[in-house]
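Reassemble the complex: the two chains are provided individually, in unrelated frames, and hints are given to aid placement.
If you're matching them up, the sequences are chains R and S in order. The numbering of the first sequence is my numbering, which starts it at 3 and goes up by one. The numbering of the second sequence is my numbering, which starts it at 75 and goes up by one.
Do not rely on the hints blindly, as some may be mistaken.
As the list claims (entries may be wrong) - Taking lysine-lysine pairs in the DSSO-like style, the calculated list, with each CA pair at most 30 Å apart, reads:
hint: 1; chain 1: R; residue 1: Lys348; chain 2: R; residue 2: Lys313
hint: 2; chain 1: R; residue 1: Lys27; chain 2: S; residue 2: Lys236
hint: 3; chain 1: R; residue 1: Lys705; chain 2: R; residue 2: Lys92
hint: 4; chain 1: R; residue 1: Lys282; chain 2: R; residue 2: Lys70
hint: 5; chain 1: R; residue 1: Lys348; chain 2: R; residue 2: Lys441
hint: 6; chain 1: S; residue 1: Lys228; chain 2: R; residue 2: Lys726
hint: 7; chain 1: S; residue 1: Lys167; chain 2: R; residue 2: Lys675
hint: 8; chain 1: S; residue 1: Lys203; chain 2: R; residue 2: Lys675
hint: 9; chain 1: R; residue 1: Lys348; chain 2: R; residue 2: Lys488
hint: 10; chain 1: S; residue 1: Lys154; chain 2: R; residue 2: Lys41
hint: 11; chain 1: R; residue 1: Lys705; chain 2: R; residue 2: Lys777
hint: 12; chain 1: S; residue 1: Lys228; chain 2: S; residue 2: Lys203
hint: 13; chain 1: R; residue 1: Lys133; chain 2: R; residue 2: Lys92
hint: 14; chain 1: S; residue 1: Lys167; chain 2: R; residue 2: Lys611
hint: 15; chain 1: R; residue 1: Lys185; chain 2: R; residue 2: Lys308
hint: 16; chain 1: S; residue 1: Lys116; chain 2: R; residue 2: Lys254
hint: 17; chain 1: S; residue 1: Lys203; chain 2: R; residue 2: Lys41
hint: 18; chain 1: R; residue 1: Lys470; chain 2: R; residue 2: Lys787
hint: 19; chain 1: R; residue 1: Lys41; chain 2: S; residue 2: Lys236
hint: 20; chain 1: S; residue 1: Lys85; chain 2: R; residue 2: Lys133
hint: 21; chain 1: R; residue 1: Lys282; chain 2: S; residue 2: Lys85
hint: 22; chain 1: S; residue 1: Lys116; chain 2: R; residue 2: Lys544
hint: 23; chain 1: S; residue 1: Lys86; chain 2: R; residue 2: Lys133
No wet-lab data here; the hints were simulated from the structure. Since the structure is predicted, the reported quantities are computational estimates derived from the model, not experimental observations.
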Amino acid sequence: MAEHRLMVHGNVPPPLDREFTVVGKPLNRKDAVEKVTGKALYSGDLRLPGMLYGKILRCPHLRARIVKIDTTRAEALPGVRAIITKENTKGWRTYWYGVSQPAFPEVITYEGQEVAAIAADDVYIAQAALKLIDVEYDVLGHTLNAEENLENPLPSSVAGEEYPENDINDRTRRVVKRGDVAKGFEQADVVLEETYTTQAQYHATIQTRACLVSWDGSNLTVWDALQGIYFTQIALAKSLGLNPENIRVIIKYLGGGFGSKASAHRVTYFAAKLSMLTGKPVRMENTRDEEFITHPHRWDFKVYLKMGVKKNGELTAIYQKAIANIGAAGSYLPNRFLYAARYLYKCPHVHLEQIGVFTNLQQTGPQRGPMNAPSIFALESHIDRLAEMINMDPLEFRLKNYVDFFYVDPEEAIRSVEGLPPIREKLVDATGKIPYMTKNLDKCMKIVTDTIGWERRKHLNDNVKGPKRRGIGFASFTAYQGAGNKPNKAFADVDIFNDGTINLAIGIVDIGGGQVTVFSMIAAEELGVSMEDISVTYGDTKGTRYAPACQSSRVTGEMGPTVLQAAAEARQQLFKLAAPMLEVKPEELGSRNGRIYIKSDPSISIPFKAACARIDPGRPIRGSGSRATNPDSPMVGAFGAQAVELEVDLETGEVNILNVAIAHEFGRALNPKLCESQLLGGVYFGVGYALSEEGIYDPKTGKMLNPNFHQYRLATSYDYPDVKIVIVEGEEPWLAYSGKGGGENANTPFAAAVRNGIHHATGIWLNDLPMTPDKIVNALQEKRKGGSSHAL
Amino acid sequence: MNIDDKASKSKKQITLTVNGAMFTRDVFPHMTLAEFLREELKLTGTKVGCNRGECGSCTVILDGHSVYACTMLAVEAGGKSVQTIESLSVGDKLHPIQQAFIDQDALQCGYCSPGMIMSVKNLLDRTVKPTEDDVRCAIDGNFCRCGSYQNIIKAAIDASDKTADPDRS
Numbered sequence: 003m004a005e006h007r008l009m010v011h012g013n014v015p016p017p018l019d020r021e022f023t024v025v026g027k028p029l030n031r032k033d034a035v036e037k038v039t040g041k042a043l044y045s046g047d048l049r050l051p052g053m054l055y056g057k058i059l060r061c062p063h064l065r066a067r068i069v070k071i072d073t074t075r076a077e078a079l080p081g082v083r084a085i086i087t088k089e090n091t092k093g094w095r096t097y098w099y100g101v102s103q104p105a106f107p108e109v110i111t112y113e114g115q116e117v118a119a120i121a122a123d124d125v126y127i128a129q130a131a132l133k134l135i136d137v138e139y140d141v142l143g144h145t146l147n148a149e150e151n152l153e154n155p156l157p158s159s160v161a162g163e164e165y166p167e168n169d170i171n172d173r174t175r176r177v178v179k180r181g182d183v184a185k186g187f188e189q190a191d192v193v194l195e196e197t198y199t200t201q202a203q204y205h206a207t208i209q210t211r212a213c214l215v216s217w218d219g220s221n222l223t224v225w226d227a228l229q230g231i232y233f234t235q236i237a238l239a240k241s242l243g244l245n246p247e248n249i250r251v252i253i254k255y256l257g258g259g260f261g262s263k264a265s266a267h268r269v270t271y272f273a274a275k276l277s278m279l280t281g282k283p284v285r286m287e288n289t290r291d292e293e294f295i296t297h298p299h300r301w302d303f304k305v306y307l308k309m310g311v312k313k314n315g316e317l318t319a320i321y322q323k324a325i326a327n328i329g330a331a332g333s334y335l336p337n338r339f340l341y342a343a344r345y346l347y348k349c350p351h352v353h354l355e356q357i358g359v360f361t362n363l364q365q366t367g368p369q370r371g372p373m374n375a376p377s378i379f380a381l382e383s384h385i386d387r388l389a390e391m392i393n394m395d396p397l398e399f400r401l402k403n404y405v406d407f408f409y410v411d412p413e414e415a416i417r418s419v420e421g422l423p424p425i426r427e428k429l430v431d432a433t434g435k436i437p438y439m440t441k442n443l444d445k446c447m448k449i450v451t452d453t454i455g456w457e458r459r460k461h462l463n464d465n466v467k468g469p470k471r472r473g474i475g476f477a478s479f480t481a482y483q484g485a486g487n488k489p490n491k492a493f494a495d496v497d498i499f500n501d502g503t504i505n506l507a508i509g510i511v512d513i514g515g516g517q518v519t520v521f522s523m524i525a526a527e528e529l530g531v532s533m534e535d536i537s538v539t540y541g542d543t544k545g546t547r548y549a550p551a552c553q554s555s556r557v558t559g560e561m562g563p564t565v566l567q568a569a570a571e572a573r574q575q576l577f578k579l580a581a582p583m584l585e586v587k588p589e590e591l592g593s594r595n596g597r598i599y600i601k602s603d604p605s606i607s608i609p610f611k612a613a614c615a616r617i618d619p620g621r622p623i624r625g626s627g628s629r630a631t632n633p634d635s636p637m638v639g640a641f642g643a644q645a646v647e648l649e650v651d652l653e654t655g656e657v658n659i660l661n662v663a664i665a666h667e668f669g670r671a672l673n674p675k676l677c678e679s680q681l682l683g684g685v686y687f688g689v690g691y692a693l694s695e696e697g698i699y700d701p702k703t704g705k706m707l708n709p710n711f712h713q714y715r716l717a718t719s720y721d722y723p724d725v726k727i728v729i730v731e732g733e734e735p736w737l738a739y740s741g742k743g744g745g746e747n748a749n750t751p752f753a754a755a756v757r758n759g760i761h762h763a764t765g766i767w768l769n770d771l772p773m774t775p776d777k778i779v780n781a782l783q784e785k786r787k788g789g790s791s792h793a794l
Numbered sequence: 075m076n077i078d079d080k081a082s083k084s085k086k087q088i089t090l091t092v093n094g095a096m097f098t099r100d101v102f103p104h105m106t107l108a109e110f111l112r113e114e115l116k117l118t119g120t121k122v123g124c125n126r127g128e129c130g131s132c133t134v135i136l137d138g139h140s141v142y143a144c145t146m147l148a149v150e151a152g153g154k155s156v157q158t159i160e161s162l163s164v165g166d167k168l169h170p171i172q173q174a175f176i177d178q179d180a181l182q183c184g185y186c187s188p189g190m191i192m193s194v195k196n197l198l199d200r201t202v203k204p205t206e207d208d209v210r211c212a213i214d215g216n217f218c219r220c221g222s223y224q225n226i227i228k229a230a231i232d233a234s235d236k237t238a239d240p241d242r243s
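Next comes chain S alone, as it looks inside the complex (with noise of 0.2 Å):
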C-alpha cells in the first residue's frame, strides 16, 4: 500500500476566505481546520491544545461564529469566511482587546491567548456591553490553566468599552 498515492487521489479541492483573502487548495478530506490554517497557510497563531474541541486554543471565528478548528474539517470550511488572531493587528497597532489583554495581564504562558481572544472578539462582535456573566460564557469553552480568568474577564469589559466607543481606543 503507498500511503501517499492512496491519499493524493482522494484530495478535494476548497475555496475559502481566510483574514479577507481568498484561498484554494487541495486537501486531504481528513485535514481538520486548524491542520490547514497551521500547515497549509503557515497561520501557526492558531493553537492547538487538545485537538478534540476540549480546550479551545484553536478557536477562530467563521462566518461570525466563533469555531474549534481542531474539531472542524477544511473541506466544511469551504466556501466560508475564517478569520484568525492572524487578521486583528494591522502592522504595528493592535486590536483594543490585545491591547486590553496587555494592560490587564490576562495572558501569562500565551498559549492560550490567540483562542482566547478570538472568542472574546466573537463575543463584542456581537454585544455592545458585555456584563461579567456574558464574558464567562463566551470563554467558558476556552481554558487557561495559568489561571488568568479574572484579568480576561477584565480586558474583555476594558475592551467592550473602547470598541463601543471608538474615540477612546
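Bound-form chain R, shown alone (with noise of 0.2 Å):
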C-alpha cells in the first residue's frame, strides 16, 4: 500500500480498514428506472405556461460580410414577440470554453453562424418568421485547409476585427523539446518518416441541444442538456451582464455528450436573451442539422511524423508537427497533442510541435478524449510499421521501449516559441517517482494479445480461398484526463438528518457515465450505509456547490475524493453521538451495512439510524469536502490496450470487424458494471472513427454535404463488434479507492489497431481516417502496381 494521502484540502480522512461493501460491486445505476421508462424529463421534454419558442436565422455562406439586415417584415407578423441581431445587440458576446465570440458578428466566419434570433407564440409563427427576415450579404473568399493557412499570423482572414486580444491565444504554436533529436536520428539504424491525416469527427449525440429559460425580472432559471450547470452558470452570468448567484442552472438529464455540452452553448445565450427582452420562458431547440453544422467537433488533424530506431528496437527519437484545423474563431483548443509521444515510450530525443490553425470550417471543440485519439492513431501505427521494419514483433517493441511510469527527463521544459520564457515542469515528487500514475500497461498488452489469440497471427490465411482475408491488430495508449489540474475547484456536502436521511449534495451533471451513482457508491461505503440510503441532489446550481463540469475525464478524480471527505467527517460526527451510546471512543468506532459497531469487537454494534436519532432535528450533521489542487507534475492519466481480429474484402474494400478484446487501467472500477458500459461506448466512438464517420464538405463552397446521421454514416448495431473487456486495476492512493476516470479511453487506440490488423490482412498501409472501402480499394490496387504500399 502506498502511501495514503488524499487529494483534498484540510483533514485527510483515514482508510477504513476494512473489506469494501459498496464500491467495486456492480450495482445498477440509480436513475436507470426514470430512463427505461420514459418518466426522465430531458430539457427538451419540458414546458411552461406561456412560453415562447425560439428559432435562429443562420447564415448559408462560409464567410460574409453583413451588408444589411432588416427586420420589419418579421416583426409585423402575428405572434413575433420579438427578433435579436447584431443591430439591437451591440457588444454582446457569447462565452465557449471560456473563449468568447460575439453573439452577432459583422461578419459571418462559419457555415450556419447566427444572423438573427426569434421568440414567437409559436414554432411555426417563429419558422415562418425567419423567411421574413432580409438580409444582405457581401461573400468573402474562405479558407478550409489548415496547412495552407499556416503561414497566416493572425486569424484576420477569418475572422475579421472582432477577436481581439487573447481570442486567438488559441492559435499558439506549442513545442516540447528533449535531448537533441538530429542527434537521435543520428543513432538510429532505421529512420521513418510518414503523414497521417485524421478527419472531422462529430459528437452526434442523439440528443441535439435543446433549453428551456425563464427570466422573472431578476432572477434567470435555465433547464438545459449540458455537461456543466456551474460552467454553464458562470459563462451566462459574463455575457449577460448578471450576478451568477441570479442564475439557477437545472440538468437532471443529457441525451449524451461527449464534450459537445460542457459549457454553454449559443442557443442557451439566445433563449436567455430572448426571455429577458419578452419577460416570457423562451424554449429552444437545434433541428439534427443545425446541430451537425453548428457544434464544434472533433479538429481535424495532419501530423508528420519522424521516429529513429536501433535495429535491437530502441527508439533514439521522435519529431512530430501536429497541424490542428481550430476552424472558425472562437473554438476552443487545448496543448495536449504533446502528451502521448512524450510520455509513452522511452526516448531520449523528442521534438513536438501543435499548431493550431483558424479555417472557415465550422466550429471545433473537445470530443471524447479530445487529442487522445488522433495523436495515439499517428503514434501507434507508426509503432507497428517501424516494427516490420526491423523484423521485430510489434508486442516485443513495445516491451523493449516500456517505462514503468511516463518517461521524462528532469531537464525536461515545455516552452511556446512565441517568444516566451520556457515554464519548467516539477515533473517527479520527493522519492523519485511520478505521483498519480498506475500504469499496468504491460499487463494491459499481453492481456489483449493473449485473449485475441496472437500466436494465430502467422496462420490466419493459411488454405484461404475467396477475397476475404483475416488480420489481427494490436495498439496501446495513454490518455490525458483533467481531474485536479490547475486552476482547481470541487465541492461536496453530505446532510445527515435526524430521521436517517442522508442527502449527497453535489454540482455535477451525470452525463451517462453513471457520476450520481458512482459518488453514492462512494458516500454510502464511506458511512457505511447502502447506495439506496444516499438521496443525491445534483445537477441544480441551488442546493449544491460549485463542481467541475463533466468533461475531460475529470470528475470521478476530482469530485471523489471531495465526495469521499465530505462523507467521513460526517461519519465522524455521527461517531460523536454513537460512542456514548456503545460506550467507547468515536475512534474505536467502525459502520459497515448500516450498522456502526465497535471495531475491536464487531459484534457489538447499533443501528445506522439509531445513532442518527440523536442529530439535533434542526442542526443535521454537515460533512464537506473540498478537492486539492494536484502538485506541479504530470496529470492523472489511463492507460490500456487493444486488439482487433478483422477481416478485409479484398474487391470490396469493406472492413468487418470480428472480434475485439480490450484492456484497460483507470485504477480500481468503482462500479465494475457502469465501467464497462464507458468502455463498449468507447469502442462505438472507436468503430466509427476507424472506418466510417466523418464530416464532408463540398471543396468549392465547403458547406457541410452529410448534416445527418445516415450520411454521416453512424455505425449501427450490426457494426457494432463482440468485445471483450478486461479492467486491470492500481492503487492511486491519491484519489478516492483509485478511481479514476473511464469515459475517454476505450475510442483511444481502436483506430490504429484496425489500422494494424488490415495491414496484417492485406498488407497495405493507410494513414487517412476514417478507413473506408475506396481507400482501402485503391491502397490494394497501388499495391497489386508495385506502387507505394500505403494510402494517402
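Here's what the structure looks like:
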C-alpha cells in the first residue's frame, strides 16, 4: 500500500480498514428506472405556461459581411414577440470554454453562424418569421485547409476585427523538446517518416441542444442539456452581465455529451436574451442539421511523424508536428497533442510541435479524449510499421521501449516559441517517482494479445480461398485526464438528518457515465450504509456548491476525493453521537451495512439510524469536502491496450470487425458494471472513427454535405463488434478508492488497432482516417501495381 | 397573413387509441405522430433525435409494427392503435424488458432507451426466442451513441427468456 494521501484540502480521512461493502460492486445505475420508463424529463421535454418558441436565422455562407439586415416584415407577423440581431445587441459576446465570440457578428466566419434569433408564440410562426428577415450579404472568400493557412500570423482573414486580444491565443504554437532529435536520428539504424491525417469527428449526440430559459425580472432559470451547471452559470453571467447567484441552472438528464456540451452553447445565450427581452420563458431546440453544422466538432489533424530506431528495437528519436484545423474563431483548442508521444515510450530525443490554424470550417472543440485519439492513431500506427522494418514483433517492440511510469527527463521543459520564457515542470515527487500514476500497460498489452490469440497471426490466412483476408492488429495508449489540474475547484456536502435520511449534494451533471451512482457509492461506502440510503441533490446550482463540468474524464478523479472527505467528515460527527451509546470513544467505531460497531468487537453494534436519532432535529450533521489541486507534475492518466481481429474484402474494401479484446487501467473500477458500459461506448466511437464517420464538405463552397446520421455514417447495431473487456486495477492513494476516469479511454487506440489489423490482413498501410472501402480498394490496387504500399 | 387562422381552418379531426385509451383531437395535417404524442398528449417518453427517420428514438408500436413516430403524420395514425414506452410498466412494476435493460446496463444517457425498448418489445411480441442476429436486426434502426449495443442485445435475450417463461419474470 502506497502512502495514504487523498488529494483534498484539510483533514485527510483515515482508511476504512475493512472490506469494501459498496465500492467495486456491479450495482445498477441510480437513475435507470426513470430512463427505461420514459419518465426522465430531458430539457426538450419541459414546457412552461406562456412559453415562447425560439428559432435562429443562420447564414448560408462560410464567410460574408452583413451589408444590411431588415427585420421589419418579420416583426409585423402576428405572434412574433422579439427579434435580436447585431443591430440591437451591439457588443454582446458569448463564451465557449471561456473563448469569446460576438453573439451576432458583422462578418460571418462559418456556415450556419447566427444572424438573428426570434421568439414567437409557436414554432410554426417562428419558422415563418425567419423567412421574412431580409439580409444582404457581401460574400467573401473562405479558407478550408489548415495547412495552406499555416503562415498566416493572425486569423484576420477569417475572423476580422471582431476577435481582439486573447481570443486568438488558441493558435499558439507549442513545442516540447527533450534531448537533441538531430543526434537521435544520427544514432538510428532505421528512420521512418510518414504523414497521417484524421477527420472531423462529430459528437452526434442523439439529443440535440435544447434549452428552456425563464427570466422573472431579476433571476434567470435555465433548464438545459449540458455537461456542467457551473460552467454554464459562469459563462451566462459573464455574457449577460448578471451575477452568477442570479442564475439557476438545472440539468437532470442529458441525452449525450461527449465533450460537445461541456459549456453553455449558443442557443442558451439567445434563449436567455429573448426571455429577458420578452419577460416570458423561451424554449429553443436545434434541429438535427443545425446540430451538425453548428456544434463544435473534433478538430481534423495533419500529423508529420518521423521516428528513429536502432536494429535492437531501441527508440532514438521522435519528431512530430501536428497541425490542428481549429475551424472558425471562437473555438477552443487545448495543447494535448504533445502528451502521448512525449510520455508513452522511452525515447531520449524528442521534438513535438502542435500548431492550430483557423479556417472557415465550422467550430471545433473537445470530443471524447480530444487529442488522445488522433495522436495515438499516428503514434501507434508508426510503432507497428517501425516494428516491421526492424523485423520485430509489435508487442515485443512496445515492451522493449516500455517505461514503468511516464518517461521523463528532469531537464525537460515546455515552452512556447512565441517569445515566452520557458516554463519548467516539476515532474517527479520527493521519492523520484511520478505521483498519480498506476500504469500496468504491460499487463494490459499481454492480456489483449493473449485474449485475441496473438499466436494465430502467423497462420490466419493459410489455405484461405475467396476475396476475404483476416488480420489481427493491436495498439496501446495513454489518455490524458483533467482531474485536479490548475485551476481546480470542487466541493461536496453530505447531510445526515435526525430521521436517518442522508443527502449528498454535488454540483455535477450525470452525463450517462453513472456519475450520480458512483458518488452515491463513495458516500455510502464511507458512511457504512447502502447506496439506496443516499439521496442525491445534483444537476442544480441551487442546493449545491461549485463542481467541475463532466468533461476531460475529470469528475471521478476530482469529485471522488471530495465526496469521500465530505462523507467521512459526516461519519466522524455521527460517531461522536454514537460513541456514548456504545460506551467507547468515537475513534474506536466503524460502520458497515447500516450498523455502527466497535472495531475491536464488531459483534457489538447499533443501527446507523439509532445514532441518527440523536442528531439535533434543527441542526443536521454536515460533512464537507474540498478537492486540492494536484502538485506540479504530470496529470492523471489512464492506460490500456486493444486488439482487433477483422476481415477485409479485397474486392469491395469492406472491413468487418470480428472480435475485439480490450484491457484498460484506470485505477479501480468503482462500479465495474458502469465502467464496462463506458468502455463499450468508447469502442463505438472508435469503430466510427476508424471506419466510417467524417464530416464531408463541398470542396468549392465548403458547406457540409452530410449533416445527418445516415450520410455521416454513424455505425449501427450490425457494425458493433463483440467486445471482451478486462479491467486491470491499480492503486492510486491520491484518489477516492483509486478511481480514475473511464469515459475517454476506449475510443483512443481503436483506430490504430484496426489500421494495424488491416495491414496484417492485406499488407497495406493506411494513414488516413476514416479507412473507408474506397481508400482500401485504391491502396490494394496501388500495391498490386507495385507502387507505394500505403494510401495517402 | 395570419398563420393561426389559416392553420386552424385546416385542422383535421382524428380519433386513435394510445396505450389502450381512445383520444379524439383536432390536429394540423402537418403534425407528426411524435409531435402529437409529445405536445398534445404530453407523452414525452417518446423522444425525437433527428426528426427524419434515422435515429429511432421516437419508435412506437402502431398496430403491431414498430414505426418512427417522427416520419408518420398524426392524421395517418387516425383509427389505429399506438403503444408508447409509457404503457410498458404497470404502477411500479416494470416490464421484463425494462428490468433487463436495467440489469444488463443497456443504457447510459438514456435518451435512446424508450425507442430502443419499443423496438425490442416489437421483436419479442413477434419472436418468442430471438437470436442475437434477430436482435441486431430489430434495433438496426435505433442509434445508441453511448454505444450500449452489446448490453442491449444481452438485455433483449435476457428479457425473451423471462417473457417466454412467465414464471421467471
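### Task
May I ask which of the numbered hints given earlier this structure violates, with the numbers listed in increasing order?
Violated: none.
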